[in-house]
Amino acid sequence: MASRLGGFIGFVAVSAAAGVLATVAITPAIALTSMAATDTIGIFEDLPTYLEIGELSQRTNIYATNTDGSPVLLASFYDENRVEVAWDQISGYAKNAAVAGEDRRFYEHGGVDIMGTTRAILSNLRGNDVQGGSSITQQYVKNVRINNAIRGLTDPDEIDKAYEAEVAPSPSRKLREMRLAIGLEKKYTKDQILLGYLNIAGFGGRVYGIEAAANYYFNTTAANLTLAQAASLIAIVNNPEKFRLDYTGAEINGAADGYSQNKIRRDSIIDDMLDQDLITQTEHDEAVASPVTPDIHQASTGCASAPAGAGYFCDYITRIFQNDEFFGPDEDTRWSTFVRAGYDVYTTLDLDLQNTAQNAINEFVPKSADGIDIGSVAVSVQPGTGKILAMAQNKDYSADPEVLGSGANYSAVNYNTDEDYGGSSGFQPGSTYKMFTLTEWLKEGHGLNEVTDARKPATDWGAFRDSCNGGTVYFPGYNPNNDELDNGQFATALDNTMTSRNTGFMAMAKQLDLCEIRKTAESMGAHRANLLRNTDSESPEYGQLILDADGKTQYAPLEQGAGSVLGTNEIAPLTMAAAFATVAANGMYCKPIAIERIVAADGTEVPVPPSECSQNVDPKITAATEYALNKALTGGTGSPSYSRITTRVPMFSKTGTTDDAFATWMSGASSKVATTVGVFNASGFVNLRNIKFNGIQAATLRHNIWPRIMEVANQKYGGDAFPDPASELLRGQTSDIPSVTGLSYDQARSILQASGFNAQDGGQQDSNLPAGQVSGTNPTGEASKGAYITVYTSNGALKTVPDLVTPYNSVAGAAVAWTQAGFSAGNITPQCQVTPGGTGKPTAQSVAAGSAARADTAITLTYAKATCP
1 MASRLGGFIG FVAVSAAAGV LATVAITPAI ALTSMAATDT IGIFEDLPTY
51 LEIGELSQRT NIYATNTDGS PVLLASFYDE NRVEVAWDQI SGYAKNAAVA
101 GEDRRFYEHG GVDIMGTTRA ILSNLRGNDV QGGSSITQQY VKNVRINNAI
151 RGLTDPDEID KAYEAEVAPS PSRKLREMRL AIGLEKKYTK DQILLGYLNI
201 AGFGGRVYGI EAAANYYFNT TAANLTLAQA ASLIAIVNNP EKFRLDYTGA
251 EINGAADGYS QNKIRRDSII DDMLDQDLIT QTEHDEAVAS PVTPDIHQAS
301 TGCASAPAGA GYFCDYITRI FQNDEFFGPD EDTRWSTFVR AGYDVYTTLD
351 LDLQNTAQNA INEFVPKSAD GIDIGSVAVS VQPGTGKILA MAQNKDYSAD
401 PEVLGSGANY SAVNYNTDED YGGSSGFQPG STYKMFTLTE WLKEGHGLNE
451 VTDARKPATD WGAFRDSCNG GTVYFPGYNP NNDELDNGQF ATALDNTMTS
501 RNTGFMAMAK QLDLCEIRKT AESMGAHRAN LLRNTDSESP EYGQLILDAD
551 GKTQYAPLEQ GAGSVLGTNE IAPLTMAAAF ATVAANGMYC KPIAIERIVA
601 ADGTEVPVPP SECSQNVDPK ITAATEYALN KALTGGTGSP SYSRITTRVP
651 MFSKTGTTDD AFATWMSGAS SKVATTVGVF NASGFVNLRN IKFNGIQAAT
701 LRHNIWPRIM EVANQKYGGD AFPDPASELL RGQTSDIPSV TGLSYDQARS
751 ILQASGFNAQ DGGQQDSNLP AGQVSGTNPT GEASKGAYIT VYTSNGALKT
801 VPDLVTPYNS VAGAAVAWTQ AGFSAGNITP QCQVTPGGTG KPTAQSVAAG
851 SAARADTAIT LTYAKATCP
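Take 1 as the starting number for the sequence shown in my numbering and just add one per residue.
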């Protein structure tokens, strides 16, 4: 090795007059001409000949599904705007222009153009413009080495360092490129090398490869490039910054001077193509005579360009790639892969529903309004799969700070999703959250027709059961009113649901366990939208995210106080839609998914995060939940929406309104589509009942938007019948009602409560019992556990009718007994009945003995005589 190195140094010294470039040029020339081996040749031969051609960075595309099932591009993302194409997808003009303009002896040399390199050296030595002399193969080698060096890097500084190392001028780099070019030519055909070159070459800015260049500069494809267009693009490769065509306002090489620099270079290439008999004279003359007319079409990069208002859904897709460890060990790696891999990402978005949802919001809710930071969303999920079918919002999506500052109609925050998937901390869902208490009520064996004491207490609701917090908890002073309802009713659980009675649900929660209500909500996917942070204002880490043992972010836990029953947890609309989809899927919860499939640049399938579905609630329970919520839709608070739907399939829903109507909601589903719609204060506190848009109260707009979406959903997907609820879940738990007749009211109430019932005073009624004693109850027999039993007491107004027949042989004796029992003597009427041998003994009375009757009751007493007067 020492002798070889010495020979090479000597060779360099001999070549000093010609400079280092001579060394670079002549050494490979010796190698190629197979001259006798020298030390210099030995060094060159020791250089590597194998070049790994790594995958090129390509743009990733996100697609939705059109009505006919065809994909629709939402947006593209890239570090390098490139689309690799095959040989037959490139115009012959582009191939010939590359050869004529960059390497006219490409099909003749073995990787290094000795004549071109020597000419470049001599030109440079004469002081002319610096010429590179690199063949197409050498240029390809250089670009591949750059691509290989930066592939996988995510840090910008590391990328710049790796790039500079590959382009820094040095004899050793030039020799290495030549050696690799020779090796490449032995492995690949000329056409394969030219194809690789056209796919990897830079065309200015972030545009790489002939296909993306044709798209960007001329709004066409590489296959359809004209001669003039092809030559203009190849001209750019020679000096991308000088000859690019997107500086339209530039004084030199801009629209004003007809892109003069590009045209000069373009026409020179066209001349070369004619000289080499690659085109005809006519083709030449027509192309040279044509002006340079770029038609710039920026590739759809980023979500702001997504159609159908799908920018927020598009943003959600990008955050899946950033957040989900399925796609890589850390966020930088995941994102780097996403923008370079050339994926085609096919999503679950249904443009029929998306367009409907977005158009409905656009029609009824403004993007901004004076005096209120108005927000509105609509999100639809498919029960049984978790596929997100629509995700609309009343704001225009942008992540550009300058654009965001230009108007209140823009936002980067996705109101539909959790904080780490769109920046929103969620919203109180109001009474839509009552669905979880209703479900827990049924799980505990209660029935929809069980009666609750929905009367508002004087002070607060007292003790609640909470097995997670010591068994019993109190919320002093917590005493919510009903929204637009009276506060003094006994009502069934079904009626509480249909009318969304707050006091009724408080009464139901009193019979349940607040901890179990929370667990039921969690089993249906409910969770807070905001991430868990340090809330200790005295701590230096105040406000910082709290990570779990694996260093991952985690959601703030669901609150389970009495107020949570009425929907005070901040939850994302997407989460609520998935929860209602759980009921529609007969208790099967499916975590929302947005990606159907991913196809790599080479056409192979890329694994996607698996669908996570589990049977979390007994279908028997959800059948009763569906029944109650169907009644709420068709005859309860949801009826304004139901009345606007003409294509009706079995559906259910629950409305929600927060305190002071800061937010209003409508969540519901068929067996095929679950939809949540909200109109709310995105920030601030303005009562939506005091705001109107186009003459419609903002608090009622949910009833305009939700039915629009479900109408289309029903038309497209239909809907199956829900199972009938079990009779015991309609009736609830039952027990025998103890007999309390003859007792005092207080004694009766104590016995009924001990038997699991509630007692209510029904007042006095006519009875033959002494005044004040219990005369009866309603109902009797058996009733649902916890039911209210009405207790009636006697007013003593009735008398017991005596037996006027058996003990007496005459009417006179019976009459005495009648009056002694407290009845009026004038109201007894004897009636003779001819009977052979009759002696006057009473035989029948018109009012039964032992019955109760008023003192003025009239009675007929029949007696037997042989002859009657």
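Treat the hints as calculated values from the structure; they're not laboratory data.
Watch out, some of these pointers could steer you wrong.
Taking lysine-lysine pairs in the DSBU-like style, the calculated list, with each CA pair at most 30 Å apart, reads [unchecked claim]: (1) Lys242 / Lys190; (2) Lys785 / Lys591; (3) Lys552 / Lys620; (4) Lys631 / Lys510; (5) Lys510 / Lys367; (6) Lys841 / Lys631; (7) Lys620 / Lys591.
Derived DEER-like restraints, expressed as beta-carbon distance ranges [what the hints assert, rightly or not]: (8) Gln511 / Gln615: 37 to 45 Å; (9) Ala255 / Thr301: 35 to 43 Å; (10) Thr700 / Asp295: 31 to 39 Å; (11) Thr301 / Gln615: 16 to 24 Å; (12) Gln511 / Ser614: 36 to 44 Å; (13) Asn148 / Thr301: 23 to 31 Å; (14) Ala255 / Thr700: 49 to 57 Å; (15) Val816 / Thr790: 47 to 55 Å; (16) Thr67 / Leu547: 43 to 51 Å; (17) Val606 / Gly371: 28 to 36 Å.
From the three backbone atoms N, C-alpha and C, an ideal C-beta is built for every residue, glycine too.
Here is what the structure says about each hint:
Taken as a hint, the Lys242 and Lys190 pair is honoured in the structure, with Cα atoms around 29 Å apart against an allowance of 30 Å. Between Lys785 and Lys591, the direct Cα distance comes to roughly 36 Å. Violation of the 30 Å bound is thereby established for this hinted pair. Only pairs whose Cα atoms come within 30 Å are accepted, and Lys552 paired with Lys620 is rejected, the gap being roughly 37 Å. Under the criterion of a C-alpha separation no larger than 30 Å, the hint pairing Lys631 with Lys510 is consistent with the structure, at around 24 Å.
Taking the CA atoms of Lys510 and Lys367, the gap is about 42 Å. The hint is violated against a cut of 30 Å. The hinted pair formed by Lys841 and Lys631 fails the criterion: a straight-line CA distance of about 64 Å is larger than 30 Å. With a C-alpha separation of about 21 Å, the suggested pair Lys620 and Lys591 falls inside the 30 Å cut-off, and the hint holds. Range check, Gln511 to Gln615: Cβ separation about 26 Å, and the 37 to 45 Å hint is violated.
Checked against the hint of 35 to 43 Å, the C-beta distance between Ala255 and Thr301 comes to roughly 23 Å, which is inconsistent with it. Checked against the hint of 31 to 39 Å, the C-beta distance between Thr700 and Asp295 comes to roughly 48 Å, which is inconsistent with it. Against the hinted window of 16 to 24 Å, the Cβ-Cβ separation of Thr301 and Gln615 comes to about 42 Å, which falls outside the hint. The given range of 36 to 44 Å is broken by Gln511 and Ser614, whose C-beta atoms sit roughly 28 Å from each other.
In this structure the hint that Asn148 and Thr301 lie 23 to 31 Å apart at CB holds, the actual value being about 25 Å. Here the CB-CB span from Ala255 to Thr700 is close to 53 Å, well matched to the stated 49 to 57 Å. Between Val816 and Thr790 the CB atoms are about 40 Å apart, so this pair departs from the stated range of 47 to 55 Å. Between Thr67 and Leu547 the CB atoms are about 44 Å apart, so this pair conforms to the stated range of 43 to 51 Å.
For the pair Val606 and Gly371, the beta carbons lie near 49 Å from each other, so the given range of 28 to 36 Å is not met.
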